[in-house]
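Novice: From just these sequences and the hints, can you work out the full model?
Residue numbering for the sequence shown follows my numbering, beginning at 1 and increasing consecutively.
Be careful, since some hints might not be right.
As the list claims (entries may be wrong) - Straight-line alpha carbon distances no greater than 30 Å define the calculated DSSO-like cross-link-like pairs of lysine-lysine that follow:
{"no.": "1", "residue 1": "Lys567", "residue 2": "Lys259"}
{"no.": "2", "residue 1": "Lys545", "residue 2": "Lys468"}
{"no.": "3", "residue 1": "Lys545", "residue 2": "Lys340"}
{"no.": "4", "residue 1": "Lys511", "residue 2": "Lys413"}
If you are wondering where the hints come from, they were derived from the structure by calculation, not from laboratory data.
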Amino acid sequence: MSEYWERFWRERRSRRRFLGGTAAIGVGAAGLALVGCGDDDDDEGASPTPSGATATAAPQATPTPSDPYASAKRGGIQNLQATGDPPSIDPYGNASFLTKGVAAYVYSRLFKYNAGLGVKTADLRPVGDVAQSAEASPDGLTWTIKLRPDVKFHNVAPVNGRAVGTDDIKYSWGRMTAETSANRSQVAFVDRLEYPDSSTVVFKLKEPNAAFLDVLADANLFWIMPKEAEGGFDSTKTMIGSGPWILESYTPAVGFKFKKNPEWHVEGFPLTDGVSLQIIPEYANRLAQFQAGNSDSAGLNAEDLINVKNALPKVQLYGEVSQLLSFFYMDSKPDSPWNKDPRVRLAISMATDRAALLDLAYNVKKLKEAGLDVSERWNNLIPAGLVRFWLDPLSTAQGETSKYFKYDPAEAKKLLEAAGYPNGFETVYQYTANRYGSAFNTVAEANIQYLNAIGIKTTTDVQDYSSKYITQTFTGNFTGIAFGYETPFPEAGSYPIRFFTDNPLNHSRIKDPELEDLARKQQRELDFEKRKELFYEIQRKNAAKMWYIPQNQGAGTAWTGYREWVKNVEIQTVPGSYGGATEVLPFRWLDKA
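Specialist: If you want it as structure tokens, here you go:
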């Protein structure tokens with residue numbers, strides 16, 4: 001690790017409390033044991049100031065006699081669960097979490113997060129995946145990235161195990177930034193890429209970016225595909241990458257089968273022979289498969305924790321607060337009540353009892369009585385799990401706008417009346433009920449009574465995730481009020497960029513010049529404290545108008561169960577992120593003896 005990176009990450013580290021996250025497509029949440037939950041160190045960090053900075057990839061884990069992996073039992077198949085089929089298996093074909101989670105099995109990125117034994121969530125940071133090194137110019141406008149020479153694509157026709165080169169980066173960047181890419185706005189700060197030779201990529205930025213490496217490590221965004229995907233094979237039907245797992249088969253509604261990549265550039269890994277990712281939409285079935293031992297891990301509802309622990313005394317239960325935001329968002333039609341008067345949005349915010357819904361979804365009171373350490377933080381526009389830049393909406397730092405987070409149906413009715421709706425109004429309320437789990441569905445249903453109670457008469461549209469919600473509603477093509485999750489980004493800057501700039505996933509088509517300016521300022525601010533204040537101001541400004549109305553689903557401690565034979569459960573990655581198939585699963589092993 002270079003002197004620069006040692007200094008950079010040392011500056012970023014300071015103590016803060018962190019409670020952990022949720023399972024994502026077969027990779028469980030990191031976290032805390034059911035009994036004796038403890039504190040962890042987390043970074044409150046300072047953003048880098050590039051000054052001739054040089055980064056090198058983290059040393060690769062190779063088993064040695066002193067290595068904790070030396071005694072690992074190799075072989076076996078990890079049996080994991082997914083809640084449904086991805087709308088597409090092309091990593092650039094859809095914004096769905098299911099698509100991104102599957103991509104992490106097969107495709108590499110330039111950077112990944114350094115999850116591993118002994119690495120706390122505090123110390124998770126971008127390190128090289130395909131990248132061998134990264135060097136920033138003194139002004140932070142040029143990043144020169146060298147590719148590892150030992151990274152090969154899977155030995156599958158028509159790519160046939162050749163080395164990854166800059167032509168593949170060029171092709172993949174073209175997919176990332178195409179007009180059809182819903183996430184292209186996340187990299188709009190990049191002016192252009194240059195390719196001086198087959199192993200060097202130069203990023204030319206429009207302005208310095210405090211989160212450049214985090215953006216490239218984000219499992220939502222930049223996946224490296226072979227150039228042969230342009231006509232050589234159909235990336236919507238098969239997957240050929242350079243990641244730790246090779247796709248053997250995909251049967252819709254049944255599952256995926258992956259085998260380990262014997263030539264993965266992390267020498268000695270994966271430890272298991274493969275992964276069977278079973279598609280099980282119903283929570284009750286997922287729980288039953290886990291308890292029967294047919295699945296190695298499962299996301300668990302909070303109300304089931306104690307029963308599962310009693311039934312399976314050796315089960316490993318981990319809790320984590322994900323960097324996951326739930327929210328109300330509204331259509332962009334000028335004649336809609338919320339667009340005629342912002343007090344309608346404020347009324348909607350005050351209509352819901354966030355504390356009650358947090359307890360409903362996460363069983364907070366009973367688990368606290370049972371002695372568990374569970375989170376009671378509330379989401380703001382930056383989710384509660386992203387503590388570094390999260391502003392407590394109930395704190396004095398939130399200021400006057402704190403009142404809009406508090407449950408006050410009487411005041412909500414007054415706001416509606418003042419906005420010209422003394423008798424309320426009718427609208428469509430929509431959400432998806434076949435991907436996010438039963439706790440989400442329960443909260444989504446409870447929201448209806450809160451809206452109705454202040455006079456907002458709803459017609460409920462429960463949508464199929466793949467065919468309507470993620471492809472239409474989530475992209476802003478809807479009428480009425482929607483309730484859903486926002487992507488759990490690993491870096492806070494991605495939230496305001498998505499919400500307030502001109503992009504396909506600005507869900508409500510918000511055009512607020514002040515918030516757009518703040519969204520861009522936070523990107524280029526390299527001083528941590530100043531950047532933190534920009535995030536605080538973004539959260540206060542959003543709350544003053546409630547363009548997006550934060551809700552608490554995702555803010556509580558979510559739990560994942562691991563059967564007793566799963567080893568290295570403590571290896572976890574960025575809470576709620578989608579890179580676990582690369583950053584976590586290759587380093588787990590099974591011992592059923």
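Novice: The structure should be examined with respect to each hint, and the outcome stated for every one.
Specialist: Results of checking the hints against the structure:
Using a Cα cut-off of 30 Å, the hinted pair Lys567 and Lys259 holds, with the two alpha carbons roughly 19 Å apart. This hinted pair checks out: Lys545 and Lys468 have alpha carbons roughly 28 Å apart, not beyond 30 Å. Of the supplied pair hints, the one linking Lys545 and Lys340 holds, its CA atoms being roughly 12 Å apart against a limit of 30 Å. Our distance criterion of 30 Å between C-alpha atoms is met by Lys511 and Lys413, whose separation comes to about 27 Å.
Of the hints listed earlier, there is not a single one the structure fails to meet.
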